[in-house]
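Got chain W; can you put chain D on it based on the hints?
One-letter residues, chain by chain:
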Amino acid sequence: MAVQERASAAAAVQPPVTERITVLAWLKHNLFSTWYNSLLTILVGYLLYLVLVPVFRWAVLDATVSGDSKEACDFAGACWTLVKVRFGQYVYGLYPEDQRWRVNLALAIAAVAMVPLFLERFRHRLTYAVGLVLVYPLVGYTLFYGGWLGLPVVETPRWGGLFLTLVIAGVGITASFPLGILLALGRRSEMPVIRSLCVAFIELVRGVPLVTILFMASVMLPLFLPAGVNFDKLMRALVGVALFSAAYMAEVVRGGLQAIPKGQYEAAMALGLGYWQMTGLIVLPQALRLVIPGIVNTFIGLFKDTSLVTIIGLFDLLGMAKLIVTDPRWLGLAAESYIFAAFGFWIFCYAMSRYSQHVERRLSAGERR
Amino acid sequence: MAAAEPRSGRQSRTAFWNDPRVRAIIAQAVVLLLVVAGAAYLINNTIANRERLGVASGFDFLWQVAGFDISQTLIDYDRTYSYGRAFLVGLINTFYVAVVGIVFATIIGFIMGVARLSSNWLVAKVASAYVEIMRNIPLLLQLIVWYFVVLGGLPAPRESIALGEGVYLNIRGLFLPKPVFGEGTAIFLAAVVLAVIAVLVLRRWARRRFEATGQPFPVFWTSLAILVLLPLLGYVLAGMPITFEYPKLGKFRISGGLVMLPEFMAMVAGLSIYTGAFIAEIVRAGILAIQKGQWEAAYALGLSRGQTLRLIVIPQALRVIIPPQTSQYLNLTKNSSLGVAIAYPDFFNVAGTINNQTGQAVEVIAITMAVYLSLSLGISAFMNWYNARMALVER
Chain W
785 MAVQERASAA
795 AAVQPPVTER
805 ITVLAWLKHN
815 LFSTWYNSLL
825 TILVGYLLYL
835 VLVPVFRWAV
845 LDATVSGDSK
855 EACDFAGACW
865 TLVKVRFGQY
875 VYGLYPEDQR
885 WRVNLALAIA
895 AVAMVPLFLE
905 RFRHRLTYAV
915 GLVLVYPLVG
925 YTLFYGGWLG
935 LPVVETPRWG
945 GLFLTLVIAG
955 VGITASFPLG
965 ILLALGRRSE
975 MPVIRSLCVA
985 FIELVRGVPL
995 VTILFMASVM
1005 LPLFLPAGVN
1015 FDKLMRALVG
1025 VALFSAAYMA
1035 EVVRGGLQAI
1045 PKGQYEAAMA
1055 LGLGYWQMTG
1065 LIVLPQALRL
1075 VIPGIVNTFI
1085 GLFKDTSLVT
1095 IIGLFDLLGM
1105 AKLIVTDPRW
1115 LGLAAESYIF
1125 AAFGFWIFCY
1135 AMSRYSQHVE
1145 RRLSAGERR
Chain D
541 MAAAEPRSGR
551 QSRTAFWNDP
561 RVRAIIAQAV
571 VLLLVVAGAA
581 YLINNTIANR
591 ERLGVASGFD
601 FLWQVAGFDI
611 SQTLIDYDRT
621 YSYGRAFLVG
631 LINTFYVAVV
641 GIVFATIIGF
651 IMGVARLSSN
661 WLVAKVASAY
671 VEIMRNIPLL
681 LQLIVWYFVV
691 LGGLPAPRES
701 IALGEGVYLN
711 IRGLFLPKPV
721 FGEGTAIFLA
731 AVVLAVIAVL
741 VLRRWARRRF
751 EATGQPFPVF
761 WTSLAILVLL
771 PLLGYVLAGM
781 PITFEYPKLG
791 KFRISGGLVM
801 LPEFMAMVAG
811 LSIYTGAFIA
821 EIVRAGILAI
831 QKGQWEAAYA
841 LGLSRGQTLR
851 LIVIPQALRV
861 IIPPQTSQYL
871 NLTKNSSLGV
881 AIAYPDFFNV
891 AGTINNQTGQ
901 AVEVIAITMA
911 VYLSLSLGIS
921 AFMNWYNARM
931 ALVER
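Top line first, the protein sequences correspond to chains W and D.
Going by our numbering, the first sequence opens with residue 785, and the numbers climb by one from there.
Going by our numbering, the second sequence opens with residue 541, and the numbers climb by one from there.
Derived by calculation from the structure, the hints in this document are not laboratory data.
Wrong hints could be hidden among the right ones.
With a Cα cut of at most 30 Å, we get these calculated BS3-like pairs of lysine-lysine [to be verified]:
id, chain 1, residue 1, chain 2, residue 2
1, W, K868, W, K854
2, W, K1106, W, K1017
3, W, K1106, W, K868
4, W, K1106, W, K854
5, D, K718, W, K812
6, D, K788, W, K812
Computed, partial: chain D to chain W, Cβ under 7 Å [what the hints assert, rightly or not]:
id, residue
7, V576
8, F635
9, V685
10, R698
11, I907
Quick caveat, the model's predicted, so the values are computed rather than measured.
Ideal Cβ positions, reconstructed from N, Cα and C, are used throughout, including at glycine.
In isolation and in its complexed conformation, chain W is listed as follows (with noise of 0.2 Å):
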């Protein structure tokens, strides 16, 4: 008793040292606990202090953003003024100021009308994802494009910036999923016509670059059309971003595809389940589930490529990023608008790798019970 009285007084009188002695121990144990460890601390924190230092002092300290102009920046760091100035085009594009409520209705309405998918109580989910894209394209073509219900019509040409890009990768992915699993299945039919047009279709796309593909969407299309049809230049980007997506799609839902045993199989055909009912009801439930970290990848990687349409001439994140850059009363702020959309770009796919990563983790808790 006493011993423990002793014990307890003399842990109250202690100073608080503990925390400091933690710190002192985590820096020796992470940082210096090696010769070869310190020198390589030191090394690394200085080169960090010389890159860290001049690029915070540039885009933070020495950063301009009042002003409305050009002028007001002195050019000793970022003149944020341009992406001030600009914003709106980097998000609208060269949409009408007065008609930009109508992207972020659409938009607001989208992320609204998604939010139950992640909820994990609700049972319906595939049967409302399935009705959300079949009704959300008309709500977003109605609301992007109009001419009708009264809205003036906005060209696609005048589409851009974020807006574009979310659109050109929300389309890929809504069209590439359904296309890439219908690929996959094909690829793994018993029927050999069927199964060796899918091969061929999948591994001609996923050999070429993008590029290609969207350059022969672009340039080529009119050439296999009748004269005088014509199609607008962003559907043609949109045709070709989702084949090529569809293809590596079906490369990821054929892995998850590969991995359900055969036993689930027979046991579907043993119930009596047709073709249909046995992919739809027992395989694809299991084989999706177990592949969603690579469908995840799949979009991040599509978001990223959305970038190239670029090249061939429309204005995405980057297109318009490229465009500000060009405009005479604006030259040689280049850095500052390439380093916007660059974390515009960033903060999408790193969100997304974030949430892929989270399922990941939740699917592995799962197999382990």
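For chain D alone, kept in the frame of chain W given last:
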């Protein structure tokens, strides 16, 4: 046998459209018909359109005079050469940037992948920041920044940055001393070949001795010594045949020497830093896939940390690493087509120019697709061969 009887009797009653085999044949015939009809429609349109526009067809244009210059040529080429030659120049440029990019991406990727697993907190964080930033920004954007912002900000030739003797960096590119091969180079080359053969023989001998007696032999250091000393000896004996032509700094331009175009440097920097981030993740996953027991077992056998890494961990990790690595190499090669955005004269860029000049889009696209497909197939065949070799180690 008895069971088969009633079934065959029932089969005659089954309607033929319910027979899965008949259904399969019908479905395939329908799909095939649709595809053929679609293709015929498109081809028909194409032929009609080309006649209307008066575009020639066939591959005869490959032998016509190209009439345009290419900024980087590794083989003889000027505007009087043929379109076919221009394609070849573009193909070689694609190879060149892809090979250099793959080498740098692999080095960056391995260093960063290992650094991410480092026990040093700062090193691990720097490596993971690199990976998370670089792989989440589109490659095209990175290439544009490298070309227009970083390299575009370099000084004019007059104010070149000197990076050592005869090495200048300016907005026109990186200027290096150019080796000039004089008389006696053959002796030097023979010494190099001899050194390589000697190393191969030494390795076989050392392995045989190791298997017979268990005595290890310092193969690495001996090989290094042979590879350095023997060519050096040959070089000196041949009377130092290789001299260097240094670039001369003029007022507006630099003459002589070897030039690395800014387009090329931007391509290599962009491709290798972007792909390096993906390779780093693959390497990390590969090393993590090796169970701790493997390390412990190696230590228990008395192997040092270096030996464990070299003999136990890396051979096993490589088997996990190689397949995804292959697809990264393929991606890098295909991504080199983005050179079109920064005017690097790669294959796709040259093909675009030829298409503009001849208007024979179908032929040009056919050639382009065939080339990229064979590049892809070639790289995956090579990596499959390498993978099979590595997999044999397991036994």
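Against the structure, the hints:
no.: 1; hint: W/K868 with W/K854; result: holds (11 Å)
no.: 2; hint: W/K1106 with W/K1017; result: holds (19 Å)
no.: 3; hint: W/K1106 with W/K868; result: holds (16 Å)
no.: 4; hint: W/K1106 with W/K854; result: holds (17 Å)
no.: 5; hint: D/K718 with W/K812; result: violated (49 Å)
no.: 6; hint: D/K788 with W/K812; result: violated (52 Å)
no.: 7; hint: V576; result: violated (11 Å)
no.: 8; hint: F635; result: violated (15 Å)
no.: 9; hint: V685; result: holds (5 Å)
no.: 10; hint: R698; result: violated (20 Å)
no.: 11; hint: I907; result: violated (11 Å)
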